[in-house]
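Protein chains: 2
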Amino acid sequence: MTEKIPYKIYLTEDEMPKAWYNMRADMKNKPAPLLNPGTLKPLTAEELTPIFCEELVKQELDDTTAYIEIPAEIRNFYKMFRPSPLVRAYCLEEKLQTPAKIYYKFEGNNTSGSHKLNSAIAQAYYAKKQGLKGVTTETGAGQWGTALSMACSYFDLDCKVYMVKVSYEQKPFRREVMRTYGASVVPSPSETTEVGRRILAEHPGTTGSLGCAISEAVEVATKNPGYRYVLGSVLNQVLLHQSVIGLETKAALDKYGIKPDIIIGCAGGGSNLGGLIAPFMGEKLRGEADYRIIAVEPASCPSLTRGTYAYDFCDTGRICPLAKMYTLGSDFIPSANHAGGLRFHGMSSSLSQLYHDGYMEARSVEQTSVFEAAEQFARVEGILPAPESSHAIRAAIDEALKCKETGEEKTIVFGLTGTGYFDLVAYQKFHDGDMTDVIPTDEDIAASIAKLPKVE
Amino acid sequence: MTEKIPYKIYLTEDEMPKAWYNMRADMKNKPAPLLNPGTLKPLTAEELTPIFCEELVKQELDDTTAYIEIPAEIRNFYKMFRPSPLVRAYCLEEKLQTPAKIYYKFEGNNTSGSHKLNSAIAQAYYAKKQGLKGVTTETGAGQWGTALSMACSYFDLDCKVYMVKVSYEQKPFRREVMRTYGASVVPSPSETTEVGRRILAEHPGTTGSLGCAISEAVEVATKNPGYRYVLGSVLNQVLLHQSVIGLETKAALDKYGIKPDIIIGCAGGGSNLGGLIAPFMGEKLRGEADYRIIAVEPASCPSLTRGTYAYDFCDTGRICPLAKMYTLGSDFIPSANHAGGLRFHGMSSSLSQLYHDGYMEARSVEQTSVFEAAEQFARVEGILPAPESSHAIRAAIDEALKCKETGEEKTIVFGLTGTGYFDLVAYQKFHDGDMTDVIPTDEDIAASIAKLPKVE
Numbered sequence: 323m324t325e326k327i328p329y330k331i332y333l334t335e336d337e338m339p340k341a342w343y344n345m346r347a348d349m350k351n352k353p354a355p356l357l358n359p360g361t362l363k364p365l366t367a368e369e370l371t372p373i374f375c376e377e378l379v380k381q382e383l384d385d386t387t388a389y390i391e392i393p394a395e396i397r398n399f400y401k402m403f404r405p406s407p408l409v410r411a412y413c414l415e416e417k418l419q420t421p422a423k424i425y426y427k428f429e430g431n432n433t434s435g436s437h438k439l440n441s442a443i444a445q446a447y448y449a450k451k452q453g454l455k456g457v458t459t460e461t462g463a464g465q466w467g468t469a470l471s472m473a474c475s476y477f478d479l480d481c482k483v484y485m486v487k488v489s490y491e492q493k494p495f496r497r498e499v500m501r502t503y504g505a506s507v508v509p510s511p512s513e514t515t516e517v518g519r520r521i522l523a524e525h526p527g528t529t530g531s532l533g534c535a536i537s538e539a540v541e542v543a544t545k546n547p548g549y550r551y552v553l554g555s556v557l558n559q560v561l562l563h564q565s566v567i568g569l570e571t572k573a574a575l576d577k578y579g580i581k582p583d584i585i586i587g588c589a590g591g592g593s594n595l596g597g598l599i600a601p602f603m604g605e606k607l608r609g610e611a612d613y614r615i616i617a618v619e620p621a622s623c624p625s626l627t628r629g630t631y632a633y634d635f636c637d638t639g640r641i642c643p644l645a646k647m648y649t650l651g652s653d654f655i656p657s658a659n660h661a662g663g664l665r666f667h668g669m670s671s672s673l674s675q676l677y678h679d680g681y682m683e684a685r686s687v688e689q690t691s692v693f694e695a696a697e698q699f700a701r702v703e704g705i706l707p708a709p710e711s712s713h714a715i716r717a718a719i720d721e722a723l724k725c726k727e728t729g730e731e732k733t734i735v736f737g738l739t740g741t742g743y744f745d746l747v748a749y750q751k752f753h754d755g756d757m758t759d760v761i762p763t764d765e766d767i768a769a770s771i772a773k774l775p776k777v778e
Numbered sequence: 323m324t325e326k327i328p329y330k331i332y333l334t335e336d337e338m339p340k341a342w343y344n345m346r347a348d349m350k351n352k353p354a355p356l357l358n359p360g361t362l363k364p365l366t367a368e369e370l371t372p373i374f375c376e377e378l379v380k381q382e383l384d385d386t387t388a389y390i391e392i393p394a395e396i397r398n399f400y401k402m403f404r405p406s407p408l409v410r411a412y413c414l415e416e417k418l419q420t421p422a423k424i425y426y427k428f429e430g431n432n433t434s435g436s437h438k439l440n441s442a443i444a445q446a447y448y449a450k451k452q453g454l455k456g457v458t459t460e461t462g463a464g465q466w467g468t469a470l471s472m473a474c475s476y477f478d479l480d481c482k483v484y485m486v487k488v489s490y491e492q493k494p495f496r497r498e499v500m501r502t503y504g505a506s507v508v509p510s511p512s513e514t515t516e517v518g519r520r521i522l523a524e525h526p527g528t529t530g531s532l533g534c535a536i537s538e539a540v541e542v543a544t545k546n547p548g549y550r551y552v553l554g555s556v557l558n559q560v561l562l563h564q565s566v567i568g569l570e571t572k573a574a575l576d577k578y579g580i581k582p583d584i585i586i587g588c589a590g591g592g593s594n595l596g597g598l599i600a601p602f603m604g605e606k607l608r609g610e611a612d613y614r615i616i617a618v619e620p621a622s623c624p625s626l627t628r629g630t631y632a633y634d635f636c637d638t639g640r641i642c643p644l645a646k647m648y649t650l651g652s653d654f655i656p657s658a659n660h661a662g663g664l665r666f667h668g669m670s671s672s673l674s675q676l677y678h679d680g681y682m683e684a685r686s687v688e689q690t691s692v693f694e695a696a697e698q699f700a701r702v703e704g705i706l707p708a709p710e711s712s713h714a715i716r717a718a719i720d721e722a723l724k725c726k727e728t729g730e731e732k733t734i735v736f737g738l739t740g741t742g743y744f745d746l747v748a749y750q751k752f753h754d755g756d757m758t759d760v761i762p763t764d765e766d767i768a769a770s771i772a773k774l775p776k777v778e
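Residue numbers (our numbering), protein chains in the order written: chain D, 323 to 778; chain P, 323 to 778.
You can take every hint at face value.
When chains are identical, the list treats them as one kind, so a pair holds in a single copy or across two.
Straight-line alpha carbon distances no greater than 20 Å define the calculated SDA-like cross-link-like pairs of lysine to any residue that follow: (1) LYS417 - ASN398; (2) LYS451 - PHE477; (3) LYS330 - LYS401; (4) LYS340 - ILE327; (5) LYS401 - ILE327; (6) LYS577 - TYR412; (7) LYS417 - ASP480; (8) LYS450 - PRO372; (9) LYS352 - THR366; (10) LYS751 - ARG501; (11) LYS751 - PRO494; (12) LYS577 - GLU335; (13) LYS646 - GLU683; (14) LYS577 - GLU337; (15) LYS451 - PRO547; (16) LYS450 - PRO547; (17) LYS450 - LEU370; (18) LYS577 - THR334; (19) LYS352 - GLY680; (20) LYS581 - ALA611; (21) LYS326 - GLU395; (22) LYS401 - TYR332; (23) LYS577 - GLU605; (24) LYS380 - LEU454; (25) LYS423 - ARG614; (26) LYS423 - TYR412; (27) LYS751 - PHE495; (28) LYS455 - ARG701; (29) LYS451 - VAL702; (30) LYS577 - ASP336.
For the record, the hints were derived by calculation from the structure and aren't laboratory data.
The model shown is predicted, which means the values in this text are computed figures rather than measured ones.
One chain only, chain D, in its complex shape (with noise of 0.2 Å):
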């Protein structure tokens, strides 16, 4: 290709992806399904449908669509913020000096700050459609929060979030943009719900976790009629709408005949990097192509590098169907690292396969680090990143000076999932020298494994 690449490749409206790519369709091991926290026996549609919506329920257990077309409706709000934009990195490139070439997909350009809202507005269409009064949800750096907030006032249904109480105290704004969204917002753990006092009763001062917030929205969903619980990531149906984000993005690069050699994302629960390596993923397991896949989780929460391969809760509460990931045991309580998104005990069942199987590979990086990579990012691009973005901006940095030492062109695309401008309080500790790195030791992580669930 001689035609210069700009700066940022936007699609047209009309090359914007019709249908979601269901990547379970290509996997030969398909991932193991949920289970009955009861019964240990895999879940059926009639066991979901309590807790989730009907259509939703479908999505999470069909593994053998590849293509779920997207309603026009949500095709439209998708119009409000999307297509986002491939970005060249041209001034990081130059800036590191790197014979790379560095692009990354950015999904912050919305008032949630990421790309959570791909699957919030489809979870709340399908909830309006089912005639449900609300839906309920935790939140973990607010932003899933905050995306569903503005998704449920779209279609004018009741939100209810438990946020995680470290997330809480340091992001006071986000709860204000959730409040003009029309939402209501707990912190997590919390007195409301029975779980949440367990929990205070076992964890007194503790900041929560993703985990304890999630089995709080669960109860709240299940004991009011009309209401379902949604979730930002994890599940199979929040991979299937992310990967609008991949399809864009190879479109993109389609466009303009690029093929990335390596393909970065931060993992939390999955959900970003599920959806942005989707489309890739599939030429991989179809054998049409091969790329490097990297997984970058914050060293604090590392269940894909350091965690083990088996059934586990996926909340706290231990009320949730079990799934079967790379967990580091769902009792175990990440230190309060400025990632909020990140601090999940487990992850998605497809990439644990995925990674399992070898198709990805993982690491791990420390905050400080992290935020090093950050401010570097946005003194060059222009973009304040979220803490939990800046995980892959980290790897894409390294990967990019490594190519320096090899003289190699190698293309390297990476997710940005979104902007930190309600992570000051984290940028300020970072810049007064206050930021620590506190990562669990071998006995922290066996200690809680050794909790987990006898499957089989």
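Given the coordinates of chain D, work out where chain P should sit on it, guided by the hints.
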């Protein structure tokens, strides 16, 4: 046109403007010259160069050259965050059930959160080219300060920002963003300057104003070798750089054969309004087309609608040049309105002249009604708007509702200057019912206008 208008119209990078448009070249009645505050004679380039960069002085005084080339370095930087989208507000139209067609030019997709980066990068570029060490400035809401920090970081220039005290306190995280880009930020009025100490002595407990902060920044620039002062609004040079907004808007509209009926911008010092309307006003001045152009200002600081057209100081400390403009008097300190960027006592000379000559209208709006419009907009368009920008939203909605009454299918274009991620304290007050509308009395305004300097 039968072609479907997309939700977002993006120009390609090739279609981006290669020259700024200088509205003054087409004005029959040129804006009155700046006066030396000592001699009350028009300022010469020689007198201005100790304050401003040389190239910027040229641009400031040039009222005959219609197009001024945008240097390649600036055009490259622009590509980092431009072209900005021109959005068709389909969802807002539907919500309002109006036959009007509403478009907005969204300038918030960059970390400064506003259009201010368009001029910041230009001013930093010329400072660097002149071999300066650094620049000083004032900032109201913090958008200009952030933009300048980003621009200075890019060109490795020192950046000292005097931030209006009320905003400094309302927006604690703005400082942290500026710090990420390496700037130093001082709340104004401060004890660090002579003029700051004088203002503090005269008005103890003042929450500051743009006028005070300008005085301090100018003092520091003129007393430190290798420094110059830069300003984010009011000046001709700023309106020149901001013309990129209007030029892109017009190019995007032309692409689809759309001719606006009404063009609306919020107006503080005039940077966004002047930039947005530039090419449209050019056509109007040359008699090639007609448009209704509406400036929207806060009822708490109504320079166009309740001020006087006269020579006045641009700063409270009375050390800056005098400009002929609509003004409330440099002594006027507006109430602590949350639209910090619109709290300036005067208005760009060019816009003042155009308003005086009947080329545009002006109206003032109260902040509670502005926040009502902001929330309504956020819920359907997915963008949390800045309080400043929301003044334009208010007027656009009002015009669209008039169309609903009359059945007219008018095309309305407004400038959405930025995002409100750092304005959540204001949103919180609005949600809590703690927001008030403090409007100056006729006596307040008469008192400060009585102190205008005597010129001729």
